[in-house]
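Participant: Residue strings, one per chain:
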Amino acid sequence: MRTINVLVLACLGLFVISTAQAEVSEYKLDNGLKLIVVEDHRAPVVISQVWYKVGSSYELNGTTGVSHVLEHMMFKGTQKLEPGEFSRIIAANGGRENAFTSRDYTAYFQRLEKSRLKVSFELEADRMRGLQLTDEEFQKEVRVVMEERRLRTEDKPESYTYEQFNAVAQITSPYRTPIIGWMKDLESLTVDDLKVWYQRWYAPNNATVVVAGDVKGKDVYQLAKQYFGPLKPSKDIQAPKPQTEPKQKGQRRIQVKMPAQLPYLLMGYPVPSLSGANPEWEAYALEVLAGVLDGGDSARLPTRLVRQGLLTSAGAGYSLDSRLSGMFLLEAVPVQGGTIKKAEEVLMKEVQALQDKMVTKAELERIKAQVVASNVFERDSIFYQAMQIGVYETVGIGWKRLDEYVEKIQAVTPEQVQAVARKYLVPDHLNVAELVPLPMDSQSRRQQAAGGQHGRH
Amino acid sequence: MAVIKMLRIVMLAGLALLTGMAHAAPDIQHWKSAQGAQIYYVHAPGLPIVDVQITFNAGSARDEKLSGLSSLTNHMLGMGAGGLDATKIAQRFEGVGAQFSQDSDRDMAWLKLRSLSQDKWLTPALDTLALILSSPNFNSKDIERERKRYLSSLKREKQNPGSVAKRIFYKAVYGEHPYANMPNGTEETIKAIRAADLKQFFSRYYVARNATIAIVGDISRKGAEAMVERLMKQVPAGEEAPLLPKVKELKSGQVIRVSHPSTQTHILMGHPGNYRGDPDYFAMYVGNHALGGSGLVSRLSDEVREKRGLSYSVYSYFSPLARKGVFMAGMQTKNDQVDEAVKVLRQTIKGYVDNGMTEKELFASRKNITGGFPLRIDSNKKILGYLAMISFYKLPLSYLADFNKKIDALSLKEIQEAMRRRLHAQSMVTVIVGGEKTVASQ
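Chains A and B are the protein sequences, given in the same order.
So the first sequence is numbered by our numbering: it starts at -7 and just counts up by one.
So the second sequence is numbered by our numbering: it starts at 367 and just counts up by one.
Calculated from the structure, these hints are not laboratory results.
This one's a predicted model, so the numbers in the text were calculated from it and none came from an experiment.
Honestly, I wouldn't trust all of these hints.
Okay, the calculated bits of chain A under chain B, using three or more residues with CB under 8 angstroms as the criterion [to be verified]:
no., stretch
1, 26 to 37
2, 78 to 87
3, 140 to 147
4, 301 to 308
5, 320 to 328
6, 372 to 382
Each residue gets a CB set at the ideal place from its N, CA and C atoms; glycine is no exception.
Can you make the complete structure from the sequences, with help from the hints?
Facilitator: In structure tokens:
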């Protein structure tokens, strides 16, 4: 069985090298704008994405969430366009559009029939420097964002726990604040805060345009010069301060008590991402480590914990492609009647096992086979291809290193997986958050708070 | 200003061109397997991938008294087959990089496989899938464990005001019709399901004549034929599932309020909508597009979000099924704004139906829908989705090729009349969940 797998892997490798040659070209405009074009001629469509190097990890205390609110305001009119007109023009061209904000980037995209790319470029170039921020539109939109926050965080016990966890598990890292911002910061945010933010970060020398689809690199470059070329670069773009997280000295534990039905456990250890990993292989080994635990139904957490009836659900997560060091996360929902303590125990046993014994060859090969195949599967989505390039470029890794991903994963050894488990998943670096459900109805909650009989719990 | 204005003119000219342009719809081939399954196939050699979806007429509408039976049966197919346990099965798929998944809704239950197309990866993955199709384990220990996980997930759902609202909404809209139940069942019924029920459901509905198979990818017609025979060899022919009962229209509207300890209140509004193959389908599709089906540019979004800042997400949709699926509009707002929100939502829908879509809205919707047609079929995954839908609901093979023509052929009057005939603001169910009022402490 093992030899077969090794063979499979070797062939997969060759196979991918011979077919995964999507044509990618890179250009730079005089004003500093970067353009990356992926040619994929399978369908007469194009995706256009504009990536700005700004997100919640660039923000300052008191104005958290400003990047995301600004993303909303980017649809609210420019010197040339009425509020909402951007969306109406894209719609009239048969397009789909949206935007997203993360810790490390803010990105805008349109999906269009291929002849419409110029519409996207004209509109994106217009709002890159010409946004009209009015207090009237801001006042309405910030309320929409507060509703978004209620929907995504305030009323979702697990999300709320995750938010609290981040704030406690990290002391100086800007990853400690939520992307959407603290509610109190949203309440005191002003249109002037947005103006400062927009002026500072929205400029061609802080943007990467990624285009993928049935287009030619050179044509797109000409189009980009025509529309983005005249824009003036910003002079006050400075790399954010490092805010490097101090070394953790001992465990941190918190509880979050709120109305909920199920308890939930979230644990994390600080780990480097690819941009900060030294030596570099550690990042790939951590990626494989996450795969050993949670990469598919044959991975350890589903096999040894969930299907053994020890946990209702379990997960592990690592993000290789973030700008700063982040967390290696483990999460679990106990079985009915089970405790958080027990859930932590069984997860810890898996961590221990990774440190004590090397992962088997068969496991490693299965993970690598999945990585290799996924790399081909991902090419079915031009959005995803563009997205990967945008992320790598914007967090400072550089899109060209996407090419080495499969190769570097394949080079990871059992010794390296064990080494990162031993180096990073150590007890003194553990952070733990526990969601403690309170009764859903207010009467029982009040009784419980007063020390009386529990309601349903 | 001038540049953008000019752009708009250029765009319009371009649009006229675009409408005249024929966007090639995929060439769909259709045949019947030796065992009686309906096969729909599109050759897509662009990437070395094969996608296959086997869909059975075995959704939760077939649950009868044991709500959740369809879903749990489908779920258990991932828990081992042919004497191999779930881990062994997963290892077989993942060892060749294949992705296997299964799921179900009210009408359908399906299994899906994505694999690299070369025989040496594809064949082992297909053999594993064939094993699942012919001899799932339904091991009692596995069933007990998964039952508990279902119960946990039902419990977890109660944390979420949106899920709570949806469950109440379906019950109120469908009453005694099988669509009334949520596919994942209830605590009571999930506890009542026995291994024998799962096995019986499987042998009744997971049969060739009750199956459609969609195949897209880098595989020849001959290869696809061989693949089907390989997959279905051990699957008995069986019988197609009977038609479901028709959905009754609601005679009157009702408002259901449920308190929930959330900071937002979720509002759902609607009634039975349309079905696949409905003569009004396209008119209602375009009609809803401008009402609440097109993101930020729809009328609901304009009234609720853009003008008043009441909600992050506001929408309306038709969810056509074999019988009438729901028409549903929804939003969420902070608790003290709920009265205003319900009023705006109701008045916007009523105003739209009573006074009709405007010429301008039709023009914009038509341009968006037809101009965006290529985006619907720009990946193998999306084509697979259409094939599965077309095959399951027995829609014409020309469904995609005719799509834009059908949209362009509709007049404003036809759309207005269809919406007036089929949407009735006064008989809608309104579900409001959230906004727990502070009760005086005892």
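Participant: Now, for every hint given, state plainly whether the structure supports it.
Facilitator: To see whether the hints hold, each was checked on the structure:
no. : hint       : in the structure
1   : 26 to 37   : holds (count 4)
2   : 78 to 87   : holds (count 8)
3   : 140 to 147 : holds (count 5)
4   : 301 to 308 : holds (count 3)
5   : 320 to 328 : holds (count 3)
6   : 372 to 382 : holds (count 3)
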